[in-house]
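Trainee: Next come the chains, spelled out residue by residue.
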Amino acid sequence: MSRLLKADLYRVLKSRLTLIALILALAFPVLTVLLYAGIRAIGGLGQNDAAGALLGANSIIGSVYSLSNNVGLVIPVFAGILVCLDHSNGTLRNKVIAGNRRTEIYFSHLIVSILFSVALITIYAAVSAGLSLLFFPFSWDSSLDLCPEILYFVLNGTMAFVFIATVSTMFAMSLRSAAPAIIFTIITSFFLVAVNSVVMMIDYEEFKYAVYFIPTFAGNIFTLNDFSILGLLNQSADASRSLIFAEAMLSYLFFGVVNTLIGLTVFKNRDIK
Amino acid sequence: MNVLTTYGLSKVYKGHYALKNVSMHIEEGDIYGFVGENGAGKTTLIRLVTGLAAPTSGSYTLYGVPNSSGEICTVRRRTAAIVETATMSRTMTALENLKVQCSITGVDRSDEELTALIERVGLDSKEIRSKNAGKFSLGMRQRLGIAMVMVSEPDFIIMDEPMNGLDPQGFVEVRETILSLNRQGVTFLISSHILSELEKICTKVGIISHGELLEEISMDDLHQNVRRRIVIEAEDDVAAEAALKADGTFTEIGREEGKLAIYGDADLNRVLKLFVDNGLRIRSVNTLEETIEDHYIRLIGRGYRA
Numbered sequence: 001m002s003r004l005l006k007a008d009l010y011r012v013l014k015s016r017l018t019l020i021a022l023i024l025a026l027a028f029p030v031l032t033v034l035l036y037a038g039i040r041a042i043g044g045l046g047q048n049d050a051a052g053a054l055l056g057a058n059s060i061i062g063s064v065y066s067l068s069n070n071v072g073l074v075i076p077v078f079a080g081i082l083v084c085l086d087h088s089n090g091t092l093r094n095k096v097i098a099g100n101r102r103t104e105i106y107f108s109h110l111i112v113s114i115l116f117s118v119a120l121i122t123i124y125a126a127v128s129a130g131l132s133l134l135f136f137p138f139s140w141d142s143s144l145d146l147c148p149e150i151l152y153f154v155l156n157g158t159m160a161f162v163f164i165a166t167v168s169t170m171f172a173m174s175l176r177s178a179a180p181a182i183i184f185t186i187i188t189s190f191f192l193v194a195v196n197s198v199v200m201m202i203d204y205e206e207f208k209y210a211v212y213f214i215p216t217f218a219g220n221i222f223t224l225n226d227f228s229i230l231g232l233l234n235q236s237a238d239a240s241r242s243l244i245f246a247e248a249m250l251s252y253l254f255f256g257v258v259n260t261l262i263g264l265t266v267f268k269n270r271d272i273k
Numbered sequence: 001m002n003v004l005t006t007y008g009l010s011k012v013y014k015g016h017y018a019l020k021n022v023s024m025h026i027e028e029g030d031i032y033g034f035v036g037e038n039g040a041g042k043t044t045l046i047r048l049v050t051g052l053a054a055p056t057s058g059s060y061t062l063y064g065v066p067n068s069s070g071e072i073c074t075v076r077r078r079t080a081a082i083v084e085t086a087t088m089s090r091t092m093t094a095l096e097n098l099k100v101q102c103s104i105t106g107v108d109r110s111d112e113e114l115t116a117l118i119e120r121v122g123l124d125s126k127e128i129r130s131k132n133a134g135k136f137s138l139g140m141r142q143r144l145g146i147a148m149v150m151v152s153e154p155d156f157i158i159m160d161e162p163m164n165g166l167d168p169q170g171f172v173e174v175r176e177t178i179l180s181l182n183r184q185g186v187t188f189l190i191s192s193h194i195l196s197e198l199e200k201i202c203t204k205v206g207i208i209s210h211g212e213l214l215e216e217i218s219m220d221d222l223h224q225n226v227r228r229r230i231v232i233e234a235e236d237d238v239a240a241e242a243a244l245k246a247d248g249t250f251t252e253i254g255r256e257e258g259k260l261a262i263y264g265d266a267d268l269n270r271v272l273k274l275f276v277d278n279g280l281r282i283r284s285v286n287t288l289e290e291t292i293e294d295h296y297i298r299l300i301g302r303g304y305r306a
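Protein sequences, first through last, are from chains R and X.
Take the first sequence: its position 119, counting from 1, is numbered 119 in the working numbering, and each next residue is one higher.
Take the second sequence: its position 164, counting from 1, is numbered 164 in the working numbering, and each next residue is one higher.
Chain R extracted, bound-state conformation (with noise of 0.2 Å):
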């Protein structure tokens, strides 16, 4: 598979998509620090207001691993288009004429994939926290211990996108298009992000076991207690951090093999264009 693996890699680093993806994830945190840096510039979000009291560079960082944002939009857009070129370029049917398993064909995207989108997300986290620590305190609030939680934030962030990664190539394997297959993974991404966002006004603690079934649901967890905006106004959750996040990573990894069995077998029982 690793002669597959180094052109299908060799294929998306000459592609023009991805040099537009990596402006994009560059561009966005640029964007968003000056704007915010801008906004405190002239006053309006200051220390001493409630809004500006929330804001500091660990509530920039924490917003970056959302899969509603801008580049959580950015990377199915991308992965699905660089997956489904392989479908309409007719160079999937080389693969596949040269003799190669449409297993490791899959596992092949499978993993370009989620080496984009994990690219992508750790260019776009790290541009966020560099430009944000540059203009503000990493958060007013000095009592809380972050080291720990930014290690399972980024840890968990980033399993969101190999899990979307996973959702991606799903569909864009065995629906062939990348129209479709970029419409669904952004409905499964809203369609997650809202759920949670359901559970979570509800009564988090009497879905606890939701974890198991939504697999950014963990990410919700962390987001929405101590490191984010909502998190510093909600620091009630003692729940084991620890647990939590291997209970995360195991949804995900799930989930995750779940979708790959779905898209493996549609592409391996159908006819390729």
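Heads up, none of these hints are tricks.
Residues on chain X that point at chain R, a partial pick, calculated with CB under 8 Å:
1) Leu52
2) Cys73
3) Thr87
4) Arg90
Lysine-lysine pairs mimicking DSBU-like chemistry, simulated, CA-CA at most 35 Å apart:
5) R:Lys268 to X:Lys99
6) X:Lys131 to X:Lys99
7) R:Lys273 to X:Lys200
8) X:Lys200 to X:Lys259
9) R:Lys6 to R:Lys268
10) X:Lys135 to R:Lys273
11) X:Lys131 to X:Lys200
12) R:Lys268 to X:Lys14
13) R:Lys6 to R:Lys273
14) X:Lys135 to R:Lys268
15) R:Lys14 to X:Lys131
16) R:Lys14 to R:Lys273
17) R:Lys268 to R:Lys14
18) R:Lys6 to X:Lys99
19) X:Lys259 to X:Lys273
20) X:Lys259 to X:Lys245
21) X:Lys99 to X:Lys200
22) X:Lys20 to R:Lys268
23) X:Lys126 to X:Lys99
24) X:Lys126 to R:Lys6
25) R:Lys273 to X:Lys131
26) X:Lys99 to R:Lys14
27) X:Lys126 to X:Lys200
28) X:Lys126 to R:Lys14
29) R:Lys14 to X:Lys135
30) R:Lys273 to X:Lys20
31) X:Lys99 to X:Lys135
32) R:Lys273 to X:Lys99
33) X:Lys135 to R:Lys6
34) R:Lys6 to X:Lys131
35) R:Lys273 to X:Lys126
36) X:Lys135 to X:Lys200
37) X:Lys14 to R:Lys273
Treat the hints as calculated values from the structure; they're not laboratory data.
We put the beta carbon where it would ideally sit given N, CA and C, even for glycine.
For chain R, the structure is supplied; the task is to place chain X on it using the hints.
Mentor: Relative to chain R, chain X alone:
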């Protein structure tokens, strides 16, 4: 050694047979021409044997390995194919596409080797080298497709309409490339509707119509059993036709481009004597052999060309 053998291969799309019970075989060293009208099932068969689609029923073996075997992917590495059109990444240059093809097929080639291959298929100008394949003409893409097929040095090459988009010079180059590779032992399956081109290179042809293989015949057999016809341009063709019919010997008389055509291996001397005896004047006379195109058209039931 049998390279490809199909056993009652069928493919149904939406209740319609695109391919029906096709059994054919290609032996090592063959250049097998696959002939049929548009939609006859040529591409469907190629898609089945290249693994792009699964047969509805029937099976095939590639180098003796059945399609149901897990080993079929391994043996596919000995084959290469262009199906419908040459497929490549349109945002890459010819060289970059060849590099990807090397990775896909698991071969190592230096840039110099790949550049030599690009030159061999006639894509050697500096301008072409820096252009993305998306800006190539159909003929240039077809040439690049042929280079991509050749990159892994396969034993069996399948080409679906390889002459599409090529200019006459391209026809000659592709034909010479095919013959040259065949001399080196490469087996070919070529589908084309340009029958005159196939006739120049094929060792065997399969004629397919409406999804069914009507005939599989070697070119040697075709030439040995060829039907000849006499085409006569007479001054008074009505009287000439009447005289021929009255003679009773010539049972198949028709018209080709306004001239009288006598089919069925008619004896030219007898025809000429008949004309002399009846005082009929002849403007021109030709004895023609049936071409693969004539054979094909006769076989699918449309008679000779008008």
